[in-house]
Structure formats: C-alpha cells, structure tokens
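Enquirer: Take a look at the letters that make up each chain.
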Amino acid sequence: MSDLLVYVETPGGVATAASRDLVAAARGLAGRGAKVVAAAIGNDKTSVPETWLGADEVVLVEPPAGFDETGDVTAHLLSRLQRELRAGLVLIPNSSVGIDLASAVAAICGAPMLASCVGLTLADETVTVRSRLYGGRAEAIANAPLPAVVAVNAGALPCAVELTAPRVSLRAFEINLPARIRVEAVETDAIGDIDIGQSDRLVCVGRGIGGEANIEFARDVARAIGGELAASRQVTDRGWVERSRQIGKSGKTVTPRLYLGLGVSGAPEHVEGMRNAGLIIAVNTDPSAPIFDIAHYGATCAVEALLPSLIRRLAESRQ
Amino acid sequence: MKVVVILRNAPDPLEELPLAEGGLDWDEVAYALDIFDDCALEEAALLKEETGAEVIALGLAKDGVRLLQTAIARGADRAVRVEADVEDGVSSRSLAPVLAEAMRNLGADLVVTGVQAPGDLAGQLVPFLGAELGWPEVNGVLAIEADGNRARVRNDQGAGRVVVLSVALPAVLGVQTSRRPPSYVSGTKLRKAIEAGAISTLKIDAVPAKDAVEIVEFIRPPRDRAVERLADDPDVAAGQIARLLENFGNEAQRDV
Amino acid sequence: MIEAGVLMVLAAAALGAAAARLARRFRPLLAAQPSGRSDRLNERLTGALAEFVSHRRLLNARFAGVYHAAIVASFLILIATKIRAFAEILAPGSDALRALLPLHDVAVVAMLAAVAAAVVNRLWLSRARFAGSNHRDAAVILAAISFIVLASEADAVAHVIAKPSDAGQYALAAPLARWLGAGASFASAVKAEHVFRWAHIAAVLAFIVYVPGSKHLHAVTGLPNLFFRNLAPRGQLRPRTEIAPPANALSAQTWKSLFDLYSCSECGRCQAACPAHNSGKPLNPKTLIMGLRSHLVETAYGRAPAGMALAGEVVAEDALWSCTSCYACTAVCPLRIEHIPKIVELRRALVDDGRLDPGLTAALNAARRYGNVFKRPAKQRPKWADGLDFDIPDGAQVEVDYLWFVGDHASFHPAAAERTRRFARLLKSAGVSFGILHADERSSGNDIRRIGEEDLFQELARHNIEAISACRFVKIVTTDPHSFNTLVNEYPAFGLKADVVHHTELIADLIASGRLEAPKTARRRVTYHDPCYLGRYNGRFEAARAIITRLGHDLVEMPRNREASFCCGAGGGRIFMTDPPSGARPADLRLAEAAQLEGVEWFVVACPKDYVMFSDASKARDEGPHIAVKEIVDLFFDGGDNG
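These protein sequence lines are chains H, C and W, in that order. Numbering-wise (numbering that gives the first Met the number 0), the first sequence opens with residue 0 and increments by one. Numbering-wise (numbering that gives the first Met the number 0), the second sequence opens with residue 0 and increments by one. Numbering-wise (numbering that gives the first Met the number 0), the third sequence opens with residue 0 and increments by one.
For reference, chain H alone in the conformation it holds in the complex:
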C-alpha cells in the first residue's frame, strides 16, 4: 500500500480542526502498512505541529524567498512532495482553499481528483469515494486509479483510534515559478470579534430568511435564547451578516449544542460546518431541502410567518 500525503491548512499559523481530523483519518486508512505524511506551508512559528496526531511525519514547507503563500505556490510544493514521496493518495480538506488546491495539485500531477468526499475506501491500486453533489441531493460512488487526489468533507472520515505524535521537519524548496500572484492585504476586520464556535446555541439564517429585515428578528431570537447569530454563505455574500458568523465549508465548522436553521437549505457545504450539532431544528419552506436529512425537528412554514410568533412566545415565557 502506498503512502498517504495529507495537506494541513494553517490559516494564521494554526491548523484547522478539519485538517487535523483528516490526518487522524489518514492514519485509519493507512493502517500499519503505509506511512502518513502531513504537509503544511509553515515554519518554526507554526503552532504545535507535534499535536497533529496520526501522522508519521510532519513536513513544514517554508515558501521560497520573495513568494507569498498563494494557491499557486502551495500547489506546486504539494505536488513536488507527492512526487518525492510517491504518495498514492493525497488528502486535502474540502474547504474553500482546499478544494481548489486539490484541483490544482491534480492538474500538475496529472492525477485523477475526487471532491466532496463523505466516504472513502482505499485499495492497493484504486480508491473508491462517495461524494455528495447537486446541493446534497445526489450521491456518487466513483473509482479512481492511484495516485489520486481526494478532497474530504470536514469530519466525514472516521479517525483512527491509536494515534501517535509525528516527527516534525522543516523543509525549504526552490521553485522555478514567476511570482504571478501577490498577497496585497489580509482583511482582518472580516475575521471579526465574534467567534461563533464559542457559543453553544446558534441561530443560523440562510437564503430563505426572506430579506435583510428578518435578520433582526433572527438576532432577537438568538438573544432570547442566550445564543449567537450565524449565517450561511449566501447571506454573508450578500453582506447581510458579517463573514465571521458564516458556517460552512468556506466558513467555520461549529458544534453547538443547539442549532436553529431559518431558511437554511442544508447544502453539503453548509452542513459539513454544523452536522455535529447537538439538537438541530430547521425551518424551510421546501420539504425536500437537505437540511431535513440531518435535522431532528423540522417545520415547512414560511420563516417570515413564524418569526414574529416565535419571538412573542419566547418573550412571554421569559416573563
């Protein structure tokens, strides 16, 4: 069985939870026979790579001098590593950055690539992947010959039980690439002061919220239950809610004990950010919305019709 290469995303020098879970999952796939190498763009300032359990080795690659860390560079460095290690499977988190990185790596390596993975079986020559497509309304089971690149949904694969700490090494790479993409600024205000991951009750608004005015109502509900407002990508893209409150593949992964979704359709990109919530209540006018596949309780009435009633009742019961 060939070795596995796992890419660890380290925004701001800290590994994402999804990446660390992926390393642990890779260990489960590799079993005893194969090696798991976790790679990240980083250096000695990267936060505690020793804690990325499940990898045999962690390779921290410092971007070459004069190069910003951009998708361009990362893809080339990762594919070079894959070639070096002759890794049969490259696992990358199916995040905003990861999905594109996976495609770019697959293109450079000339390897097949599979996205939105929710299940994976590894054989000697092939990998079989289950993927959620079309907004979660269809599932494809596909085979690809190794070496292959797979982008895995957060927390989708089971982690191995026995995990050991890796050996960490720093590498420098020379790269023969014109610097075509430069980082001009990192927008810190987008990160914001709110960390919805800290709240155990979230009221999440989706596209079906029915308008910016109703978001105030949603905020009222959040306040009434001592929770925070969160939003799906469609809502933050519209600028109705700060990006720091976004749940999903391109947002945050959260595990609140209570999640109330208002007008959230439950597309996989969103669901992967909240599927492990404790109690999930969803309101959406479409009875076939995928959110109802994971919700505990669901209502199909219009959100605008429900919100004023809900607020009133919550206010009454607080008295």
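In short, the hints are calculated from the structure, not lab data. Treat the hints loosely; a few may be bogus.
To be verified - Examples of chain W residues toward chain H, derived with CB under 8 Å: (1) Gly358; (2) His412; (3) Pro413; (4) Ala414; (5) Thr577; (6) Pro579; (7) Asp615; (8) Lys618; (9) Ala619.
Every residue, glycine too, gets a C-beta built ideally from N, C-alpha and C.
Let chain H serve as the given structure and place chains C and W on it in line with the hints.
Expert: Then chains C and W, alone, in the frame of chain H:
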C-alpha cells in the same frame, strides 16, 4: 482588455433532480444559468462599466442561446457559441482543454466564470483551466478590479478570512459573489438583445480530456435519520419551537 | 379716448405676455405621446361640468370645499364686474352688466371671508397636507386676490360717494361710503374712483401675467383637465408605446399626462391619502407632480435637456418604488390628475435598466421562470389542494360553472392557502360546480404590470388567456382582488372574453339563494377593510358587507372606508421589496385605526395579500387591544370560542 465570461447551465436547484444510471437523466433535467456564473457575468458587466473592457460571453452550443442572449442584455459586447464534441454531464475538468483552446482563440486577457458547478465531482473548472492555459488562477473571488496588466481580487479563504490578491494577467478567476446582485433583464431588453444578434459560432477541435474517474453508482443520498415534522401552521410551529428552545438544556428532551 | 387706448395696449400686452408664457410652457406637450382622449365628447363635457359645479371631490374636505366654492362663485361674479370695469373705460357711460351690480358686494365679502378661511386652513387646520406646497406662490395668490377684490370694493365705495343714487346697489359699499365719504367732494370721489378702478385693472392684468407660472393656472387648466379625464376603467393601464429612446423622458408621457402637471393646485389631498407617504417612505404624490412640473417648465425654457432621464434624476428611484399603486391619490384629486400611469411609465424605464430592489428582481425572475413569484416549480401550484378531502376538477378537462383563478399568494403562501382551502370547502358544501387551472395557471401579472415589467405581464396574460380559453365555464371567480382587477380590466385587450366575479360576490349570492347556509356563530363586533383593487379600483363594496351582516355580526365601519380605504401596503410590488421600513408600516397604521373602534374583535379582509399583511401586523402589535384578522371565508369556520 478582453474579458471572456464562461457561462454554463446547471440543474435548477429548485426543481426535482431526475436520476438515471450513473448520472442524471439529462433529457429531463430543468436547467438554469449556474448561480455563480450569473455572478461572474455581473462582475464582468461591472468591469466593463468601470474600465471600458470588452466583454465576450461564451457558452457551449449544447447549452443553447438563451444564456448568451441574456448575457448581451446584461451588457456583454458579443457572445460566442462554442461547438465542440462535448456530451451532457461532461466534467469541468474534462472541459478544460476545450475551453482553453477557445480562450486562446479569442485572445482573452481575463477569463471569469463561476467558482463551482453543482455537479463538480472531479474538481472545479477554474484551477484546471488555469493549468491548461498555464495562467495564474484564483477561485473564490468576491470582487474584481482590473487594468490592462493586473487584476486585484478579494479572495474568500474561508472562516472569515478574506485576502486581497494582485494577479498578473492573463488570468482565470472563479467568482463566488458579485459586488451587486445580478441585474434584472426585462422582457424588452431581452427582446432587443435577441434582435441585435451578435452571437457568433466558434468551432473547437480540442476534445474533452479523458477522466480517469469512473462513476459506479449514482443515487439519492440515504437519510441519516427521520426528521420529526412540526406543524404546518406558523403559529403552532412557533409554539412548538419555543417549547423546544425553552426545554433545551434538559438532556432528557433531546433525541439524538 | 387716450385711456381707452392705454387700456387696450396694456391689456394686449398683459394678455400677450400671459399667452406667450402659456405657449412656452405647453410647447413640450407637442412632442409628447397621443392620449386617445378625444372620444365620448358629450360624456366628457357633461361630466366635467357636473364635477366642477358640484365640487364633489372638493367637498370631501368639507371646510375647504365650501370656501373654495365661495371663491369660485365670487370669482365668476367678479369677472362680470371686471368686464364692466373694462367697458367703463373703453366706452364710458355704457353701464354694461348693470344687473349684476348688487351681487358685487356679496361676492366681495364672500371672497374675503373665503381668503381668510383659506389662510386659516393652510396655516392651521389642514397644515399637514400643505407641507411641501409652494407657500410663497399661495401667499402671492391670496394677496393678489385680496388686493384685486379690495380695490374693486374701494372703487365701488368711491363710486357711491360720487353717485349716491347708486347706493342701493351696493350693500357694503353704501354704508362704507357714508362712513368714509362724509366730507369728500364729488371731484375727489370721482378721482378716487378712477384711481381705484385703474389699480384694480392693473392688478388684474398683472395677475393674469403671473398665473401661467403659478399653481393658480389650475383655474384655467382645471376644466380642460376634467374634460380630458380618464374614462377607461381605473384598473386599466396602457401598454408601453414603442418609441425611440429615451423612454425615461418627458416625451414618453402622453400630452394629457403632462397637462396634468399644469393642473395641480398643490392642495395635498393626494399626499394625505398616500400610504407610502404616511408610513415615512420617500414618495409624496403631490411633490412628485410638482417636481415633474418644475422639470417640464425647465425643459420648456431650454434650461433642462429635453431628453433628460426622469427616473433617478428628476424623481428619486426609491420614491418611485415606494408606490403601492393603491389609487388613493387619483381617487381623491379634485382635478383628476393621474399619478399612477406616470409612476408606472418611469418604473418601466428603471426595469429596463435593471435598477431594481433585489427582492423585486427575485420575484420577477421567479415569475418569468416558474410562472409565480414564489419560486416554486409550476407543478407545485395545486399542492394547496392536497389538504382537502376531495379533488378539484381540472377546468381544461371538465366543463364547470365557475372556473376559479386562484392566484399566487392564495396558492403558495401557507397562511393564505388555508383560506383558499376553506373557500374550496365552502363551494363544495354549497354544491357549486367549480374547477381550477392546476399547474397551467400563472401569476395574473397585475402587480408585475404595475412594477413596470410590461413584457412579462403580457407574456403571463397571454399564457393565462390561452389556458382559460381551453376551458368551458360560465364565470370566472377569484378570491384575489389583484387578479380580479387585471382579469376584468386588462385581459380583454389581449382576448379574454369572460365574466369575472370576486368570491365575496359569489358567496353573497349563494347565501341569498339559500345554497350556502349561514353558520350559527356568536354575534361579534367586526370591521371590514375594503381591498384597494376590489373597492376603490372596481367599485365592489357591498357583497362582503352583506355577508358580514347576513352572518349576524355587528359591522362597524372603519373611519376610512369604501373608496377612502387605506392600503395595507402590499401592492405595486411592495410586498416583494426588501428595503427596510421607515416608521410604522401602512398595515400597522391601519390596525391602529381599527383599534380606535370601540369593542371591535375582528378585522375582516377579502384579499390574500391583505390577510398576510394584516396577520403579520397583528402579531407585531404589542400594545392595544388584540384584534383578530379574519378573511371572509373564515367567518364560516371560526365563530365558536376558539375563533
């Protein structure tokens, strides 16, 4: 500056998804312009307003002319229908060589399209197109500014992190959202666009890449659990939810 | 003789100047669109005169109506005296129109009293509706009228002093003459008479020159504007004319629409009636007309380019989008100015430009793609009927008595759909043969036309007419006043030939004929809200009232009822728009109005959008007595203590 917008149809997210062996039942699928391609078109229109760039809308012949006519009504200077040996359900990756030849043929400086398509099993178009062309690519773009040589984009990197990148042209950009919502095209405007014509055909010899990915099964996803349905009436449902919220914290109430 | 000559010259100069100013102002009307208002001349004439003489709309504001009538009557009498004054100079001693002399003083007193009343009204009693009017212009007019009238009276006083034998003609001038003219000589009296007469004439001539640039022009344009009023059904908009760009300019309006602008007296009745204005939205129908008028004048004098875009530049976009198309402005205007077609025409330009609220874009895209504004695939349209325990026939397959055009909100909005189901149950229990169009029905397009998407409206209309034509039925029924309006008033132009009734009319008939039994319910005190598109637009007021009283309830009228009903705020596409409210919404204001009625328990509506808007507003009310919102059909189901 020549901006080419690649527009593709995708199954309408609101309509039923008809499944068949190994894929979708393409004859029964209800199509709509992909929502991200729609945003890409709006960003291209904004670029034209701000810089006077030439905007060319490009679509595959199998997707019909309506989306190209809509693009012209939305401000594209002209549209191109690509005739190539492409089947329904072709993956974005396989499509990349065909579209790359079209871009070279048109002399594009900047290629914009949607960040992803809903059926992208084998990866998204923008990285593969960038690789085919050998051009820099950024996927997940929230806003585009450009002059003749470089584009400045806001790139959503997830978890609230947005990075401003300067990209050398020619380049490929995948748009996730536009700075203003896609403009409305009135019936009159569409009619005028249809009358104006301005759609040319481009025959491409390149063939779609062979994909080593083989779909074995294509199904509706199994439900993890059955959801408990609340009342249809919004008042009653509000009461039920309020009770659930109030009782929350009492572990015994939860049914995980 | 010299005097006559001077008078002729001055009069000619004044009239010439006034005519020149008028001609200049009316020039742009020559480049405007035809209005098709040269039909039914007899009806136009008699109606205009009747409306003018009766002062019907003016008297809706009782105090103002009375003093305005006094002004008009006095004016007409005093005109006669002006003519007499002219004649005295041109042909001294001719003593023309002597018979009217005794009325002169009556008219003077009446006029001065009316001017005083006008000042009190403007500054105090009705000051709200005059906010935004040109107060300087009003002051000049009132001052000029007062001066003219006082000069005329002074002339009369001097005349009586000079010729005491005429004292009998002047009820006021005579005592004044006795009081003031005690020591005056004949010569000075004649001189004084001369001076006042000339002052009077000069003032009149000056005022004549002033009028074309003033709101007082309505005195000239008013009757013609009534003559050229709209005789077509209120709820019928015109399709757009295919004209060369710019569609957004004055020349895209009809000449009558521009003539309207010169007929505005800035009275503010429209402003007072407008639900948008009253809920803090940027639209003020009065200042809309005034603004357009200013622009028209600027254009006439070459100070503004003729092709200048109106929507967005002369009129703010958000003002245009604030309109609910409720027709209150037009219904209340004493000069029959038509605000809504102007707004719709400008909206058409905005729609073409893609300058729309995103909620509106979504609604229009949904209507175009799915045939309904709720973004639901057409197949799902009849799903509301799944909650019934019987099937509803497809009108295209089965011949029925009533083809029921359901409408978007009644089909898709969960709260409204429950009323739809109840209506179906009522029809079934009354043994009525009815069918629906199932998935073939599309949005009626009434609101889409008022949003300004004319193409899409026509596409929907044609589709619906084709679907309806495939059916065999006696009448069409609908619970939705918006659909009702367009089916009755606008679809015939696209080929529909059918009788259409509103469900309140059908239910009233069924009760009257005994086919539907009035349920035994507790007697309640209720009020009824007239839907804009059923009541004000189409004059249907009584059927719903008959039902309410027939069911044994105590109907208390809303303060603003029937034609004066106050809009819920949903029409004109407003229900789709996402701009945040500024202040209390129209529905909130209306419920507050209902709450002032003693002991009213139910607020009864007859429109799906009213039901949705008022239900939401009722839930949002956190103070005052709770008023339950009921649709007419609810009266047959709710009534016990759970009602």
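Enquirer: Hints first: check each against the structure and report whether it holds.
Expert: We went through each hint and held it up to the structure:
1. Gly358: Check passed: Cβ of Gly358 of chain W comes within 6 Å of chain H, closer than 8 Å.
2. His412: holds, 7 Å
3. Pro413: holds, 5 Å
4. Ala414: Check passed: Cβ of Ala414 of chain W comes within 6 Å of chain H, closer than 8 Å.
5. Thr577: Since chain H brings a Cβ to about 4 Å from Thr577 of chain W, closer than 8 Å, the hint holds.
6. Pro579: For Pro579 of chain W, the interface hint holds, since the closest Cβ of chain H sits about 5 Å away, which is under 8 Å.
7. Asp615: This interface hint holds because 6 Å falls under the 8 Å limit.
8. Lys618: holds, 4 Å
9. Ala619: Constraint on Ala619 of chain W satisfied, holds at 5 Å.
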